[in-house]
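Chain residues, written in single-letter form:
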Amino acid sequence: MRALDAKMLRDLRRIWAQTLAIALVLGCGIMVLVGAQGTLRTLSGTQAAYYERHRFADVFAMMTRAPASIVEEVARIDGVAQAEGRITLSAVLDIDGLEEPATARILSVPPDGAVLNLPLVRRGRMPHPDRADEVAINEAFGEENGLLPGSRFRGVLNGQMRTLEVTGWVLSPEFIYTIAPGGIMPDNRRYGLIWMNETAAAAVQDMAGAINDISLRLTRGADMRAVIDRLDTLLDPYGGTGAYGRDRQMSHAFLDGEMQQLGVMSTYMPPIFLIVAAFLVNMVLGRLIAMERAQIGLLKAVGYGTAEIAWHYLKLAMLIGVIGILAGWGFGWWIGEAMISLYGDFFKFPFILRDPSWGTLLLSAVLGLATVVFGGGRAVWASVRLPPAEAMSPPAPPSFSRGTVDRVLGALRLQQTTMMIFRSIIRWPGRAAITLFGVSASVGVLVMSYFMFDAVSLIVETVFERSNRQQVTLALSHAAPEQAVLDALTLPGVRQAEGTFAMPVRLVHGHRDRLTALSAHFTGNDLVRLIDDSGQVVGLPAEGVVLPDMLARALQIGAGEVLRIEMLAPPREVLELPVASVIQQGLGQEVHIAAPALFSAMRVAPQVNQIHLLVEGDAMAALNAQIKVTPAVAGLSDWNEVRRQFDATLSENLLTMVGIYTLIGVLIAIGVVYNAARIQLSERSYELASLRVLGFTRGEVAFVLVGEMMLLTLLAIPIGWVMGYWLAVGLVGAMSTDMIQIPFVVSRRTYALAALAVFVASLTSVLLVRRRLDKVDLAMALKARD
Amino acid sequence: MEQQSDSEVVFRAEGVTRVYRTGAVDVHALRGVDLALYEHEMVVLLGASGSGKSTLMNILGGLDQPTEGKVFFRDQELTRVSDAKLTAFRRDHVGFVFQFYNLVPSLTARENVALVTEIAKNPMTPEEALDRVGLKPRMDHFPAELSGGEQQRVAIARAIAKRPEVLLCDEPTGALDSKTGVQVLEALYEVNRDLGTATVLITHNADIQKIAHRVVVLADGKVTRNEVNAERVLPSDISW
Chain V
29 MRALDAKMLR DLRRIWAQTL AIALVLGCGI MVLVGAQGTL RTLSGTQAAY YERHRFADVF
89 AMMTRAPASI VEEVARIDGV AQAEGRITLS AVLDIDGLEE PATARILSVP PDGAVLNLPL
149 VRRGRMPHPD RADEVAINEA FGEENGLLPG SRFRGVLNGQ MRTLEVTGWV LSPEFIYTIA
209 PGGIMPDNRR YGLIWMNETA AAAVQDMAGA INDISLRLTR GADMRAVIDR LDTLLDPYGG
269 TGAYGRDRQM SHAFLDGEMQ QLGVMSTYMP PIFLIVAAFL VNMVLGRLIA MERAQIGLLK
329 AVGYGTAEIA WHYLKLAMLI GVIGILAGWG FGWWIGEAMI SLYGDFFKFP FILRDPSWGT
389 LLLSAVLGLA TVVFGGGRAV WASVRLPPAE AMSPPAPPSF SRGTVDRVLG ALRLQQTTMM
449 IFRSIIRWPG RAAITLFGVS ASVGVLVMSY FMFDAVSLIV ETVFERSNRQ QVTLALSHAA
509 PEQAVLDALT LPGVRQAEGT FAMPVRLVHG HRDRLTALSA HFTGNDLVRL IDDSGQVVGL
569 PAEGVVLPDM LARALQIGAG EVLRIEMLAP PREVLELPVA SVIQQGLGQE VHIAAPALFS
629 AMRVAPQVNQ IHLLVEGDAM AALNAQIKVT PAVAGLSDWN EVRRQFDATL SENLLTMVGI
689 YTLIGVLIAI GVVYNAARIQ LSERSYELAS LRVLGFTRGE VAFVLVGEMM LLTLLAIPIG
749 WVMGYWLAVG LVGAMSTDMI QIPFVVSRRT YALAALAVFV ASLTSVLLVR RRLDKVDLAM
809 ALKARD
Chain S
24 MEQQSDSEVV FRAEGVTRVY RTGAVDVHAL RGVDLALYEH EMVVLLGASG SGKSTLMNIL
84 GGLDQPTEGK VFFRDQELTR VSDAKLTAFR RDHVGFVFQF YNLVPSLTAR ENVALVTEIA
144 KNPMTPEEAL DRVGLKPRMD HFPAELSGGE QQRVAIARAI AKRPEVLLCD EPTGALDSKT
204 GVQVLEALYE VNRDLGTATV LITHNADIQK IAHRVVVLAD GKVTRNEVNA ERVLPSDISW
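For the record, the sequence lines run as chains V and S.
So in the working numbering the end of the first sequence lands on 814, straight run, no missing numbers.
So in the working numbering the end of the second sequence lands on 263, straight run, no missing numbers.
Check before you lean on any hint, since a few could be wrong.
To be verified - Okay, the calculated beta carbon distance ranges per label pair:
hint, chain 1, residue 1, chain 2, residue 2, range
1, S, Lys245, V, Met29, 46 to 54 Å
2, V, Ile747, S, Phe95, 53 to 61 Å
3, S, Ala111, V, Gly458, 34 to 42 Å
4, S, Val256, V, Gly458, 54 to 62 Å
5, S, Ala59, V, Leu37, 43 to 51 Å
6, S, Phe95, V, Arg406, 32 to 40 Å
7, S, Ala111, V, Ala398, 31 to 39 Å
8, V, Ala439, S, Ser105, 51 to 59 Å
9, V, Val401, S, Ala111, 24 to 32 Å
10, V, Met685, S, Ser170, 54 to 62 Å
Unchecked claim - Which bits of chain V does chain S cover? Going by a derived footprint, with three or more residues having C-beta under 8 Å, they are:
hint, segment
11, 273 to 280
12, 321 to 331
Bear in mind the hints are in silico, worked out from the structure with no lab data behind them.
From the three backbone atoms N, C-alpha and C, an ideal C-beta is built for every residue, glycine too.
When you get a sec, could you build the whole thing from the sequences and use the hints?
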């Protein structure tokens, strides 16, 4: 091995702690990039393969009832490769061991098997075409309820109580992510998917020779918009509710949204770490070169060229980079596996196609090396260009002069050790700025990370405590007069009941349109309320509609303008109503109207299709038992149970996520403060030893070192708060989708926690260096030429 | 007064001036020095602190450039040439020995010598170089494990390992006691005698001039005396 390379390796070993600190910061950035990108590519590749193998449709539409022959007509639309019709219906199920009723969506299967959205049999078999009581169920529902092939359960299908036998468990590309209608998160115990042979389904729904659901696969390059328009025209006479593409298909939209967030994470977070790592390399390498100034002069004297010497130090920087890259790859692989496993709980894929993401690994290596070369390059080049004679001479002592700041400090009559702190910061503003930036970046990363919990807390509070104060929501099979609300009061344990009416609509303004739901609220409703982002209850005007701002922006419509509302369910009217107001409502995607205004415009008596209940706690069992045998009820949501599951899921992951985010965030602070303190110690050991000789105690001398670092930390914290605020703003913008606007809220607790974590990390780092200070050999330190 | 020698001129300085600017002050380190140094000879540059002797050595060795004047190594001009040319000059022709040894602390004695042999055209092996200064048994020790005299001898081994034509030594005994210093001088004496390397030795210690072929005295940036020693003594015969 060459002598210079031996020197490099020994130098690296000597500064191992600083090297480790830099490598970990760099490694964090690489880890997030590799982990998130790797997971994203795995999910994306798996999704694409799954869709392809199981012919996931491109366009979906539902209608009230259409003849089965329409499928052929639809298949002739320009751009359509394949079309398939089926019958779908809802059911309320009575499962042994489940106190409350479960709900399910039933899908018919043609006798020869489906041609689109092919179910994948995981266990058992598909139902026999001639057996009316045989069904296949989705695997998650079967697992959660212990419904093995051969087991039986009861259900109310179109008002009839039926007993069904499970023949098998299936997965489907349509239901990678499954949420019950009106639900907010998957509940595989209480919501299932059922595949039933076509004849049986038709018999249940009285739809022999008819369909109410159609799926299309398009040809490559087809104009989806044109196909959807044509499809809507064809289905309109049959009660079409508006065709949509994959982007609005629930399962696909959630999966896509999740992948979008992964993409944002892998783009947003790594640069912060890489920038800090570059600064750290600059600091550490700069100091190392300064300490080896005489050696550089010697190397030049004996005939080493500037480029050779520069390359020697750059190799050192690159070696640090390699350590960071390898650590990042290792942790990135681990975190990627953990994330894929986590996603496996929510997204039901039959297989996972792991993508080793060689491209991402290569990119991360290039970025890592570029970071250290860029960070170290300037320090190296400026230093090694010194003429050899100058390099071998001791450096000029730092020049201090008395400026305005000094006069101000002098007026404060501070102790000299405190003056030393301020003078050091003023004399080396660049180094202080790097420390300041690094620590504030650490605070910023923590604020950005913790803010997500604030957003979730707000969502929970809004959804469960402000907007939906009911304990149970009943979805009716058909719209019913207001009297149904009074009837609901007679159900076991019901203390309070109120109704709402919801209908699928298409909103049109100019050439823009959106498919959404119209929600009508009755005067005096207190359980279900319209809440805006500031937490205020929004009163509905006597006339006109209220739009959430995201919807208004999508339609480019404002208050006072007229909105065209096309009802996609009976009576299928078209209303032209003014927009009374636009509200800030990140979680809402529906258009709201006062029930009297809606039914007056429709010229019909008020109706309800949802009833919201407050129930005595000990009466839930009786209520559930009653609902199971009530044909008028198509579904039930137990909000307490939903909240309990939400909290359970959140807390299960909360500690882990908080731990990971905190670790990542404070690593920056540790890396920056530790390195800065070590450099200070090595540069100032002479003067600090002199203080000891003069009679200052260890603590008083340590104050000079610790005081400067902690002063910079305290100054960095408010800067970090501002940085974190804007990072969170950016994150909200990047992660919000058409369907969900992440609420922007950063609590005081978040700011406080971020500050506390960084403060403790900085203090710990500098105290570690203080231990070295306490061990400095006074005699040796006073002899040092530098 | 300069005396001609039958040997070839190795270094020639013509009107060399060097001015340093430190802050608002100009320091005239050299004021028009004319000097010739010859093959095989050992020359002592004598002068008080601040006389300009180190500055002159740095310029001769290509570590620094004069403000005015010219310097030649044999027939190659060294003044106002590129950094790359000066580097090549030092790599191929010059060995340095400094007052504080300037060893790389993280390399052993052998590795410190190898630092130079790895880039030299026709070097001796590190072992051979260390053997010449009597340190072969200690070649795998780090500088921190060697005495001052041993470290300086490693530095001499490093300087001669490339078989330089010129050896420039800046206060090689400045950090050592008398007895150790004599050992170092003996090593330099033997190198000059056995390898024929032209050796320039800077010192402020007047006793050391007795071992040289020629003595050049500098004061206030100028050559005040340039004489051949009528009689040389061995390093072992001097003390201070």
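Broken hints, numbered, in rising order? Number 11 only.
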